[in-house]
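*Asks:* Spelled out, the chains give:
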Amino acid sequence: DTEVTQTPKHLVMGMTNKKSLKCEQHMGHRAMYWYKQKAKKPPELMFVYSYEKLSINESVPSRFSPECPNSSLLNLHLHALQPEDSALYLCASSGVGAGNQPQHFGDGTRLSIL
Amino acid sequence: AQSVTQPDIHITVSEGASLELRCNYSYGATPYLFWYVQSPGQGLQLLLKYFSGDTLVQGIKGFEAEFKRSQSSFNLRKPSVHWSDAAEYFCAVGPSSNTGKLIFGQGTTLQVKP
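The listed protein sequences derive, respectively, from chains A and B. Position 60, counted from 1, in the first sequence is what the numbering used here calls 60; the numbers after and before it change by one each time, with no gaps. Position 25, counted from 1, in the second sequence is what the numbering used here calls 1025; the numbers after and before it change by one each time, with no gaps.
Simulated from the structure, these hints should not be mistaken for lab results. Just so you know, not all the hints are guaranteed correct.
Straight-line alpha carbon distances no greater than 25 Å define the calculated BS3-like cross-link-like pairs of lysine-lysine that follow [said to hold, decoys possible]:
no.	chain 1	residue 1	chain 2	residue 2
1	A	K36	B	K1113
2	B	K1101	A	K41
3	B	K1049	A	K9
4	A	K9	A	K38
5	A	K53	A	K22
6	B	K1061	A	K19
7	B	K1049	A	K36
8	B	K1049	A	K19
Selected chain B positions facing chain A (in silico; Cβ < 7 Å) [claimed, not checked]:
no.	residue
9	Q1042
10	G1043
11	L1044
12	L1048
13	Y1050
14	A1086
15	F1090
Pair ranges (Cβ atoms, derived) [said to hold, decoys possible]:
no.	chain 1	residue 1	chain 2	residue 2	range
16	A	N70	B	W1083	37 to 43 Å
17	A	K9	B	I1011	45 to 51 Å
18	B	E1064	A	E3	21 to 27 Å
19	B	S1070	A	P61	40 to 46 Å
20	B	S1084	A	P61	37 to 43 Å
21	B	K1068	A	G95	24 to 30 Å
22	B	K1061	A	K38	21 to 27 Å
23	B	K1101	A	A80	24 to 30 Å
24	A	Q82	B	P1040	38 to 44 Å
25	A	A80	B	S1070	46 to 52 Å
26	A	L54	B	L1056	36 to 42 Å
27	A	E58	B	L1056	51 to 57 Å
For clarity, every value in this text was computed on a predicted model and none was experimentally measured. Backbone N, C-alpha and C fix where the C-beta goes; we use that ideal spot for every residue, glycine too.
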């Protein structure tokens, strides 16, 4: 059983739609992450939140908008996405500080852009 | 530049045979090293990690890895492979002073023959 829960598991949307991905963890972790993963490739870091504040944005296009409403929740708001944004979006959480790298990943949301 | 190399893109082993997946890294400081496994349709699961101390690290599912500083390697091993081990394996290295900045290798796909 995964300790990081992501919803929905699958999402199909048009390029003009607005949707959100949700991630939840109850392990007391204060760092949360969004990754994008294409087929047969490693995950690519998108955003990192530390103590509910955005600490890293890996030059992600503004059509992706992260939000961390509290220490257990992480959202990724999507708007006007492009077909190349179709991918598996993974959320992860960890403790904060040296050595506390992402250790707990959710099963991801598979996103398809029509 | 920081990098992780997994020389084997695809490996096939027979069930019950031993396994070694190679990982080489290039990193300026003392690295934190990780192995993750990803089964189809799932997120990444941490198999083991090395921060310091004993260079032979035991992980979950019967896996172990050995850190060799002189060779800049962190190879993953398992004495007897099970069909359920078929998956994608990622080696990753992280910095000692930043959260979330994992550098992943390109991954090795493991196929297990009956």
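*Asks:* Among all the numbered hints in the text so far, which are the ones the structure does not match?
*Replies:* 1, 3, 6, 8, 12, 13, 14, 17, 24 and 27
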